[in-house]
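*Asks:* Sequence:
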Amino acid sequence: MTAPHFPVYYASAGSGKTFNLVREYLERCLKDPEPDKVFKGILAITFTNKAAGEMKERVVRALRTFVTSDGTSDAMAQQIQANLGLKPDEFTKRCRLLLSGILHEYDRFSVGTIDKFNSRILRTFALDLDLPLSYEVEMETDRLIEEAVDRLLDIMGEDQGVTRLLTKYSTQQIRDNKDWRIQRDLLDKGKLLFQEQHRSHLEGQAGMTPKDYLEAIGKIQSRREALGHHARKSIEKIQALIDRPGQGPMLFAGKALNKWLVKHGALRYASELDMQKEKDGAATYRVGWIEKALEHHQWINLSAPAEDQSWLESHEGELHGLLTQLFEAYRADLPLSLYARNIYGMAVLTVLDRSLDEVKRERNVVHISEFNRTIADQVRQQPVLYIYERLGERYYHYFIDEFQDTSVMQWQNLLPLTHEALSKGGSSMVVGDGKQAIYRWRGGEVESFLELTAGHKPHYQSGAGLVQVPFAPEPISLKDNWRSRQQIVSFNNELYSEAAGELEDPRFVDLYRASGQSPKGKEGGHISLHAYSEKLNKEDLWPEMFQWTEDRINRAREQGFEFADLCILVRKKEEGQAIAEFLQRSGIPVISNESLLLSASPEVNVLVQFLRWKATGNTKDAVSRILLYLFDRLEVPKAERHHWLRKALNEGAVEEVLNTWMPSWDAAGWEQRTLYEKVNSLSGWIPEFPMESAYVEFFLDLCHQFSVRSKGTEAEFLEWWEDTLHKHSIVVPAGMNAVQIMTIHKAKGLEFPVVLVPAAHWAPRTADQQDWFALPEEEAEEYGLSEVFLNMNPNMLVTSPDLAQLYRRSQEALRLDDLNLLYVATTRAVDELHVAFKPDADKQGVQRYFERWLKAQGREHTPGTSDSWGTPVAVSVSEQPDEVQEEVVRGKPEEWRDKLRLSFESNRYWGLGGEARPYGVEAHRILQEIESVNDADRVLEQWEVDGLLNASAREGLEKDIRDMLARPEVAKYFDPASRSRNEASILLPNGGAQRPDRLIFHPDGGVSIVDFKTGAPSAKHRQQVDEYANLLNSAHVNVVNRALIYVGPYALDENW
0 MTAPHFPVYY ASAGSGKTFN LVREYLERCL KDPEPDKVFK GILAITFTNK AAGEMKERVV
60 RALRTFVTSD GTSDAMAQQI QANLGLKPDE FTKRCRLLLS GILHEYDRFS VGTIDKFNSR
120 ILRTFALDLD LPLSYEVEME TDRLIEEAVD RLLDIMGEDQ GVTRLLTKYS TQQIRDNKDW
180 RIQRDLLDKG KLLFQEQHRS HLEGQAGMTP KDYLEAIGKI QSRREALGHH ARKSIEKIQA
240 LIDRPGQGPM LFAGKALNKW LVKHGALRYA SELDMQKEKD GAATYRVGWI EKALEHHQWI
300 NLSAPAEDQS WLESHEGELH GLLTQLFEAY RADLPLSLYA RNIYGMAVLT VLDRSLDEVK
360 RERNVVHISE FNRTIADQVR QQPVLYIYER LGERYYHYFI DEFQDTSVMQ WQNLLPLTHE
420 ALSKGGSSMV VGDGKQAIYR WRGGEVESFL ELTAGHKPHY QSGAGLVQVP FAPEPISLKD
480 NWRSRQQIVS FNNELYSEAA GELEDPRFVD LYRASGQSPK GKEGGHISLH AYSEKLNKED
540 LWPEMFQWTE DRINRAREQG FEFADLCILV RKKEEGQAIA EFLQRSGIPV ISNESLLLSA
600 SPEVNVLVQF LRWKATGNTK DAVSRILLYL FDRLEVPKAE RHHWLRKALN EGAVEEVLNT
660 WMPSWDAAGW EQRTLYEKVN SLSGWIPEFP MESAYVEFFL DLCHQFSVRS KGTEAEFLEW
720 WEDTLHKHSI VVPAGMNAVQ IMTIHKAKGL EFPVVLVPAA HWAPRTADQQ DWFALPEEEA
780 EEYGLSEVFL NMNPNMLVTS PDLAQLYRRS QEALRLDDLN LLYVATTRAV DELHVAFKPD
840 ADKQGVQRYF ERWLKAQGRE HTPGTSDSWG TPVAVSVSEQ PDEVQEEVVR GKPEEWRDKL
900 RLSFESNRYW GLGGEARPYG VEAHRILQEI ESVNDADRVL EQWEVDGLLN ASAREGLEKD
960 IRDMLARPEV AKYFDPASRS RNEASILLPN GGAQRPDRLI FHPDGGVSIV DFKTGAPSAK
1020 HRQQVDEYAN LLNSAHVNVV NRALIYVGPY ALDENW
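Position 701, counted from 1, in the sequence shown is what numbering that gives the first Met the number 0 calls 700; the numbers after and before it change by one each time, with no gaps.
A portion of the hints provided could be inaccurate.
[To be verified] So the derived label-pair ranges between C-beta atoms look like this: (1) Gln78 with Asn1040: 22 to 32 Å; (2) Ala1018 with Ser585: 53 to 63 Å; (3) Gly857 with Glu781: 57 to 67 Å; (4) Glu781 with Glu306: 42 to 52 Å; (5) Gln927 with Ala1015: 14 to 24 Å; (6) Ala1018 with Gln78: 38 to 48 Å; (7) Glu33 with Pro87: 17 to 27 Å.
Just so you know, the hints here were simulated from the structure itself, not pulled from any lab data. Backbone N, C-alpha and C define an ideal beta-carbon position, used for all residues, glycine too.
Based on the provided sequences and hints, a complete structural model is requested.
*Replies:* Right, dumping it as structure tokens:
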């Protein structure tokens, strides 16, 4: 048995993480003489579907390179050969075996997200978990929360406990100056129910009823009243003692003590004291000061009149005792006041969770967020081997990417499986970077990764108790930066080493202190820091931010960069949206999440308005929007518009007006059409409608998906659209020359030649921080409550050591999360990095890290000015990549009913007596329909179902086509990792079209043309392919290869 392998890669930004992940994957496979079998026992887990697709593509692309004549000279190939001790011939042989195995059994190429893997397990154990076999996986959260909130509000007045609880909660909202209408607050709270870190706590509240919570609050209030009674006695005694003629306004030392006594009625109000409403955290300063004053007997105001001082000194012992009693009661009440303020919210969250469970049961859905928790329960009850026997396969090697964002529960679910693999001589590889952990809200905790990089053996909970994996991880630090130019790497090294001084947790300090990298990229690089003018409010800051952003873009353009080379990173979506709108007004092309939304398209909106009009009747709003769109497209004069609008809206002649401006409009048979058919027909009826619009294409796909999945009505579709319109976007093709704007979260894992960060001054959102606090045993027993869900409040620092620790841990996590976000933002740049921020007097925002670094450099940074390092990078035309864009033109929609006819299609393939048509013709037609090497079975089966092929003919064809696709020289034209188009139309200037059998769009931008032929090779065949190539070249498409594949018998003619 081979020794277990448990490497943990600490991969900083730009350190070649994906390179090492792919290399390790290939080494695991190629180590064995039969790598085509080994890959089936490997499970690689990535954070996103996009990352999974990229890793698959990288693996296949690497193998294709390795099997070429000079493939063994590739850097990765040489490293693998050296590590495995393989000679070039043996290495190439194994690479061919592995590539062939992956292409032939692509479904066993297990690279995917943890959710995809979890879904398979959940389906396997559906019966064990009492799940219906037909359950649906729900991805959306908002709709489920809305239904749960509606259900909860509906039972008000019927369920006495819920009614009292919600009423009390609403009253508390009013006391806290919040909206008494709690629906919006409940919708926001409901999002917490889908966050993994809260689930175990909510399950711990399962036995609690609204009555139990109300009783707990009553007990806490009784305890507070008792403390208040003791406090009032002390106050009365203090009042009686100090209330005398001639008493000065500032009797005691410090405003904190005087204000505190005035607030509690022990001292008369003094105009010298600012008694405005206190903010959260006011007690932090007050308690610290009073505690120190009482402890050291420094509570007498030495500036008070001599008579007052003398009197206080004579009564010092009695007053000190009374003040101490009052202060102790105050201190004891502080945690209780925190509990009381938060229990209602926790109770509402619990009853909302039960309402959500009822909604999911009725709708027969399992939300994707439940996967990890459900599997965790099952894994702890079942042997690991049993799980994999049920799955039908077993993995011996695990690869986990972006581990720092893997949730605690996900890691706990995987640990028993990796433990089993390591025990059998397998491997488990982990890759991550604690500085890029920016998904704590999803349950990810960087601490898990730091434990592994420290070499600590992981452990997990099983039915038998706590189990420690007996294999220590092997930490490997990737210290080289291959992405950014040297000046940028040096800047980030210095910035984050200095920033580490802002952190308190030694683990986090070490994380950043040791984050320095060795630059391996090009020399040079350019960085600039710009501070906006001081004391700008939000409205005044926008113009300055917009101008800075536009200036930086124009300078980059002057240096030779394309718009597509630039990316603007923002913390908040509204910042990105505002910048995008400004740049578009300035004539700068922009791609942003908001601009890609389907709801941003006028064409999609007019289609929605048509559906709304037909589904809900003659609504004036929908009709007016439809007509205004038509008038804009047809450039109807304004004076004429008013006439037609009045006729449609006031005279009820909507159909007549539409028939005038939409001659193709055909209302007959509308109700018989499906949703997709209605939208498709509308896009043909509307004059001057842009058929090629990607927004319309995506909207049609959305209509089809909705119809297939929910089979809902038009009205239900419109309701669903309103709920989800902010989530549906088009996918932008590569090569669009526009400035990209995205959030820092979206930019993770990406790189750009020039990065702009125009608003690097975000601050921790302390008010949003919440966490669970386990009550001390005595309090838990007294109040009948084990935990409280608390809003973080600085007052926690002076309540109890446990609450203070919780608050400090929460604040340190916030600081780390914000610093990590900044790290991700500043490490995306390849050539230039430009950052702008608002000066921070309070030193709360992330700009303090830049200010701290500048101070360490001995540089003054004046507001309204910029500092820069390095030299602006000049880009020559030869450095710009060729743009390759595939233009897809959608034809005018046609009614399928008008095209219905009796099919005699099989006659094209079979004679009157049923004898087969020539073999080559059949194979040719089938190859035209195969998208990738995995499609042969599907296409052949469909032909047989359609009556175009009998079973015996299929058997022979299947073998020959499989043999053909198994040839590496043919399989490369059916690579699942490449995009392809079969029989795509190339439009001719005269309106005609040419249709090559197959176009393959390679990741590097090149295009290959493939045509299938029968019979003997001919010069005419080459001539035909050359014509295709000339047409594409004239459209600026880079044709890199031409191929003719002959079937019956097989021959290949390529690269002429």
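*Asks:* Now tell me if each hint is right for this structure.
*Replies:* Quick rundown of the hints versus the structure:
For the hinted restraint 22 to 32 Å between Gln78 and Asn1040, the CB-CB distance of approximately 29 Å keeps it satisfied. For Ala1018 paired with Ser585, a C-beta distance near 55 Å keeps the hint of 53 to 63 Å intact. The hint said 57 to 67 Å for the Cβ distance between Gly857 and Glu781, and at roughly 58 Å that hint holds. The supplied range of 42 to 52 Å is met by Glu781 and Glu306, whose beta-carbon atoms lie about 48 Å from each other.
A beta carbon spacing of about 20 Å between Gln927 and Ala1015 agrees with the range 14 to 24 Å that was offered as a hint. Under the hint 38 to 48 Å, the C-beta atoms of Ala1018 and Gln78, about 46 Å apart, fit the expected range. In this structure the hint that Glu33 and Pro87 lie 17 to 27 Å apart at CB holds, the actual value being about 19 Å.
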